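Residues per chain are reported as follows:
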Amino acid sequence: MSESLNPNLQPEIVRNESGEHIVLSTDNLEPLHTPVVNAPIIQVRLLMKTYRTGEVDVHALNGIDLDVPRGQFLAIVGTSGSGKSTLFNILGGLAPPTSGTVKINGRDLAMMNSTERTDLRKRTVGFVFQKYNLLPTLTARQNIQIVRDIAGRPLDFDDQFKEVLEMLGIARRMDHKPRALSGGEQQRVAIARAIVNGPAILLADEPTGNLDTKNSDIVLTLLRDLNKRLGQTILMITHNPEAAAYADRTIQMRDGKIVG
Amino acid sequence: MRPGRTPKVTPGHRPSSRGNGILKLLVNKLIFANLLHRPLRTFLSVLAIGVEVTMILTLVGVSHGTLDATSRRARGVGNDVLIRPPGSIALSLTSAGMSEKLLVKLKDEVPHVTIATGSVVQSLGGLDTLTGVDFTAMNAMAKFKFLAGGPFQQDQDILIDEHYAKQKKLHVGNHLKLVNQDWTVRGVYEEGKLAHILCKVDVLQNLTGNPGKLSQIYLKADNPANAQAIVDKAKELLPGYPIYTMEEFTSLLTASSVGLLDQFVGVVIGVAAIVGFIVVFMAMYTAILERTREIGILKSCGAGPSYILNMLFRETFVIALIGIVFGILLTYGTQWLMQHAVPASLVQETVYYWWPITAAIAIAGAALGTVVPAIKAVRQDATEALSYE
Ligand SMILES: Nc1ncnc2c1ncn2[C@@H]1O[C@H](COP(=O)(O)OP(=O)(O)OP(=O)(O)O)[C@@H](O)[C@H]1O
Ligand SMILES: [Mg+2]
Chain A
1 MSESLNPNLQ PEIVRNESGE HIVLSTDNLE PLHTPVVNAP IIQVRLLMKT YRTGEVDVHA
61 LNGIDLDVPR GQFLAIVGTS GSGKSTLFNI LGGLAPPTSG TVKINGRDLA MMNSTERTDL
121 RKRTVGFVFQ KYNLLPTLTA RQNIQIVRDI AGRPLDFDDQ FKEVLEMLGI ARRMDHKPRA
181 LSGGEQQRVA IARAIVNGPA ILLADEPTGN LDTKNSDIVL TLLRDLNKRL GQTILMITHN
241 PEAAAYADRT IQMRDGKIVG
Chain B
1 MRPGRTPKVT PGHRPSSRGN GILKLLVNKL IFANLLHRPL RTFLSVLAIG VEVTMILTLV
61 GVSHGTLDAT SRRARGVGND VLIRPPGSIA LSLTSAGMSE KLLVKLKDEV PHVTIATGSV
121 VQSLGGLDTL TGVDFTAMNA MAKFKFLAGG PFQQDQDILI DEHYAKQKKL HVGNHLKLVN
181 QDWTVRGVYE EGKLAHILCK VDVLQNLTGN PGKLSQIYLK ADNPANAQAI VDKAKELLPG
241 YPIYTMEEFT SLLTASSVGL LDQFVGVVIG VAAIVGFIVV FMAMYTAILE RTREIGILKS
301 CGAGPSYILN MLFRETFVIA LIGIVFGILL TYGTQWLMQH AVPASLVQET VYYWWPITAA
361 IAIAGAALGT VVPAIKAVRQ DATEALSYE
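Quick mapping for you: the protein sequence lines, in order, are chains A and B. Using full-length UniProt numbering, the first residue of the first sequence is number 1, and each one after it goes up by one. Using full-length UniProt numbering, the first residue of the second sequence is number 1, and each one after it goes up by one.
Note that these hints are calculated values from the structure, not bench results. Nothing here was measured: the structure is a model prediction, and the numbers come from that model. Positions of the beta carbon are idealized from the N, C-alpha and C atoms, including for glycine. Careful, some of the hints might be misleading.
[As the list claims (entries may be wrong)] On the chain B side, residues computed to face chain A include the following (Cβ under 7 Å):
no., residue
1, A33
2, I297
3, A303
[Stated by the list, open to error] Counterexamples of contact, computed for chain A against chain B with all Cβ distances above 10 Å:
no., residue
4, P69
5, A171
6, D217
7, T221
Please put together the full structure from these sequences, using the hints given.
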């Protein structure tokens with residue numbers, strides 16, 4: 001745990017009386033991984049993705065150029081079908097691009113074999129989905145532990161991660177199955193799962209799409225805190241301008257292109 | 001590390017070797033959760049593998065048991081040399097083909113022979129037989145121990161062994177009909193001698209229209225070491241007759257029947273393994289179709305092919321293991337049935353060394369049935385699985 005959540009990082013956490021709100025000192029943050037001389041952690045060039053369904057070609061991505069600096073909280077907005085989820089799947093190595101290059105941490109995805117792409121998801125990229133996607137037969141704790149298991153790491157949570165669970169407000173819900181949790185709680189478990197292996201990048205695909213305003217606020221605050229506190233690079237897809245306002249920067253997609 | 005900052009103690013952090021046990025437990029939890037999620041499917045898979053195991057073990061048990069009992073009974077006669085009619089083979093139920101006069105000839109002309117007696121064997125259908133004996137001569141050799149009653153008193157008397165008595169719930173004085181003839185049970189003797197049912201030799205000879213004919217001749221030697229000498233001399237006197245020392249005969253009995261049974265056992269094992277394979281294949285195939293999303297989630301969390309294969313094969317392994325235990329228990333059930341419900345000559349033994357063999361067959365079949373579904377699971381597109389409800 002400590003080697004990935006950066007032992008140099010010792011954030012101060014102050015809770016208010018209700019134990020919910022957190023004030024963080026962010027003055028001494030360091031990036032999660034040794035930077036490649038300030039190169040962007042994500043570098044996308046001329047990325048195309050074409051789906052062939054029957055006779056018709058769907059150009060889901062139509063020449064994307066994107067640089068995401070380390071530690072940035074980036075919001076991606078855009079109409080339905082503009083290719084946002086497709087971009088995420090490619091960034092996480094879940095789907096191959098049709099053409100163009102994607103570099104994560106300076107490494108070209110096209111040069112990786114499938115084991116290395118799997119390792120990318122184990123250690124470097126974490127996913128959060130709109131539908132939470134927790135395993136329904138496991139408890140919240142087991143849902144998180146199985147990701148540690150997949151990465152071949154010890155299952156016990158260390159103190160630092162326990163603090164993260166406190167911060168997420170789910171420390172006391174760990175032994176419940178997903179169906180016994182509210183949507184907001186499920187999404188916070190999903191976030192905990194996505195960061196338990198300390199990935200440098202968090203890809204959140206409409207993380208608040210199924211949540212009411214109150215829970216959305218909690219989740220968005222958390223994402224911003226993770227970003228500020230742990231230096232996590234976060235890419236978040238959203239339809240909601242208010243959600244996008246939490247981010248450092250917002251880009252807009254239309255028809256497989258970035259339009260601003 | 002910056003000066004003035006003490007590193008945090010992380011008591012939760014353990015070396016990964018420590019975590020191994022929990023790790024296995026966790027994956028097992030997911031596996032059990034999956035198995036319990038569809039209890040009927042799991043139960044049917046376990047049942048199929050159980051039946052597969054029972055089929056194999058029962059067949060092996062019956063063939064071993066029946067064979068052992070047969071050779072035990074053959075040895076229980078106490079003779080040293082056996083003579084059969086020309087042209088007969090070891091296991092066949094023989095036609096009465098030898099003259100009674102041979103008994104005197106053998107006793108007089110072959111050295112070392114102390115007793116010479118014969119029997120007639122009549123099939124009762126199935127594996128049961130009625131055996132006609134000269135009780136006085138046979139008893140001198142086999143030394144029957146009566147548990148109830150005693151030797152023949154009348155022509156229509158039969159003697160039965162304990163095994164047959166128990167099976168048919170017969171007692172001394174009971175009547176029964178065999179070969180269209182009414183018989184009275186006169187005695188019950190300790191099993192392991194010659195046959196299950198005995199009657200007087202001349203009665204059976206007349207009944208079957210073979211007066212003066214025998215189907216087997218038993219010779220007792222003054223010393224078992226002389227058995228081979230007797231065989232050599234008897235072969236001189238009776239060219240063309242199959243003549244064996246008892247040692248030869250029992251090994252022949254075992255070898256020829258084992259050869260026959262091996263093929264049969266092989267066929268049944270094949271059928272059983274295919275049934276197990278198909279059921280596991282279907283179960284895992286539907287399980288994986290159902291779990292498309294779950295597998296996609298695991299992939300998005302960094303699970304590679306080996307993790308997914310490992311999980312699925314463990315699941316199969318758990319099903320197979322429970323199925324094997326279930327099958328072994330079921331085999332004790334069939335054993336009970338054999339003892340209480342089917343003809344006397346079928347004896348089912350518990351053949352322990354076949355447990356691991358059968359388990360290996362069941363596990364191999366189940367593993368084979370998992371290969372194709374597992375490959376499908378590994379190949380399937382995680383992004384599609386995650387994007388649809
Ligand atoms: N597996 C696929 N096969 C064929 N076409 C696909 C596939 N996945 C996505 N598409 C198409 O690619 C285009 C982009 O889809 P994508 O899911 O990336 O959009 P999106 O921006 O995430 O939309 P939404 O906001 O509705 O989630 C759409 O036209 C979609 O129909
Ligand atoms: Mg989408």
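Can you name, in rising order, the numbers of the hints this structure does not satisfy? none
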